[in-house]
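Residue numbers (our numbering), protein chains in the order written: chain A, 1 to 236; chain B, 237 to 323.
FYI, nobody ran anything at the bench for these hints, they're computed from the structure. Since the structure is predicted, the reported quantities are computational estimates derived from the model, not experimental observations. It is possible that some hints are incorrect.
Stated by the list, open to error - Simulated restraints on C-beta separations:
| # | chain 1 | residue 1 | chain 2 | residue 2 | range |
| --- | --- | --- | --- | --- | --- |
| 1 | B | ALA246 | A | LEU24 | 50 to 60 angstroms |
| 2 | A | LEU24 | B | ALA306 | 26 to 36 angstroms |
| 3 | A | GLY136 | B | ALA282 | 43 to 53 angstroms |
| 4 | B | ALA282 | A | ASN64 | 18 to 28 angstroms |
| 5 | B | VAL280 | A | GLY136 | 23 to 33 angstroms |
| 6 | A | GLY220 | B | PRO281 | 27 to 37 angstroms |
| 7 | B | PRO254 | A | SER189 | 49 to 59 angstroms |
| 8 | B | LYS262 | A | ILE126 | 27 to 37 angstroms |
| 9 | A | LYS167 | B | GLN255 | 24 to 34 angstroms |
| 10 | A | GLN190 | B | GLN255 | 48 to 58 angstroms |
| 11 | B | LYS262 | A | VAL227 | 35 to 45 angstroms |
| 12 | B | ARG291 | A | GLU155 | 17 to 27 angstroms |
Yeah, the Cβ is synthetic: ideal placement off N, Cα and C, and Gly gets one too.
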Amino acid sequence: MIRAALIGNPNVGKTEIFNRLTGLSQRVGNFPGVTVEKKAGRFYHRGEVVEVVDLPGIYSLTCNARDELVARQYLVEERPQVVVDVVDGTSLERNLYLTSLLQEMEANLVLAVNRWDMVKARNMHIDLEGLSELMGCPAVFTVATTGYGLQTLKEAIIQAAKKRDRKPIMPTYADREEGLIKELEGIISQDRSLPKRYPKRWLAIMLIEKDRLVWELVAGSLSSDQVSRIEEVILR
Amino acid sequence: MNSSGSVRGAGTPLALLPQGSEGIVKHVAADAVASGRLADIGLVPAARVRILISRPPGDLLVMVKQTRIALDREIAMKIIVKEDDAR
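Just chain A, with the same shape it has in the complex (with noise of 0.2 angstroms):
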């Protein structure tokens, strides 16, 4: 069985993709925050199994609210081997920053850009192989009310699970920062079981962006001497 999670911001037709791809009839709300607690559903496609599970609709993966939070400790705690980024295509510039979010804690990616039908409605033009390009994954038009692109969005899933070796496509920083999540990197580098657990990089940026989860996670596993001086580079 493939597992994959639904993923995007409020109010982009999440639920209703979540409804199509698992015929399941959830109730979908025409106002923001109706998925509170993740659900899941599961389809049959060319043989295969896969269960979806559709996480709270959120803009960021903060642990200061408790939907963000809810969904960022799936991603990284249950480790789904797909994860589907669903966009609002009439809004890439706002959708695609939870997708760098989630290239940083290396989710093996599948992009669902949602609403191609306002996309063309409104004159708008996205290249869509070009977004693919640039996000490092497989991108796929969807018109969730229609069920437009529905079959090839369940072929992407199905074989990203299968092709878990591409590289990822992540953001960089500038010189300074970049030199930060080095040296943090190499502290938690030198941990038994943190590594193994999560990327080392994520662990890192969420260090300097000061979270306060990530902080007590690091800080219950390392040394005291390897927290002084993860402590030593994050107030430099």
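Fit chain B to the supplied structure of chain A, relying on the hints for placement.
Showing chain B alone in chain A's frame:
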């Protein structure tokens, strides 16, 4: 200060812009968690914001990066914008 009391070039809190006007975010004078949250929803320096609804003392509805966002009036006082009457 009234809602149209902004000085050109100087910053005005978003909460004081009149309904229907537009502004460009200059900076956010809030703590790190609140600023981070505002950045996550698109309220970053240089972002263009349109005030869809603002009837003091009620909260605000704004349009930023093609999405409508409801803002607490108190937090909207901490978002400093430059009024933009170019359009």
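Cross-check of the supplied hints:
1. Separation of ALA246 (chain B) from LEU24 (chain A) is about 54 angstroms and conforms to the stated range, judged on CB atoms against 50 to 60 angstroms.
2. With their beta carbons about 30 angstroms apart, LEU24 (chain A) and ALA306 (chain B) fall inside the hinted range of 26 to 36 angstroms.
3. For the pair GLY136 (chain A) and ALA282 (chain B), the beta carbons lie near 27 angstroms from each other, so the given range of 43 to 53 angstroms is not met.
4. Between ALA282 (chain B) and ASN64 (chain A) the C-beta distance comes to about 24 angstroms, which sits within the given range of 18 to 28 angstroms.
5. Here the CB-CB span from VAL280 (chain B) to GLY136 (chain A) is close to 24 angstroms, well matched to the stated 23 to 33 angstroms.
6. For the pair GLY220 (chain A) and PRO281 (chain B), the beta carbons lie near 36 angstroms from each other, so the given range of 27 to 37 angstroms is met.
7. Between PRO254 (chain B) and SER189 (chain A) the Cβ separation comes to about 55 angstroms, which falls inside the hinted range of 49 to 59 angstroms.
8. Between LYS262 (chain B) and ILE126 (chain A) the beta carbon distance is about 31 angstroms. The supplied range of 27 to 37 angstroms therefore holds.
9. The hinted window of 24 to 34 angstroms between LYS167 (chain A) and GLN255 (chain B) is violated, with their beta carbons roughly 49 angstroms apart.
10. The hint said 48 to 58 angstroms for the Cβ distance between GLN190 (chain A) and GLN255 (chain B), and at roughly 57 angstroms that hint holds.
11. The given range of 35 to 45 angstroms is respected by LYS262 (chain B) and VAL227 (chain A), whose C-beta atoms sit roughly 38 angstroms from each other.
12. Checked against the hint of 17 to 27 angstroms, the C-beta distance between ARG291 (chain B) and GLU155 (chain A) comes to roughly 50 angstroms, which is inconsistent with it.
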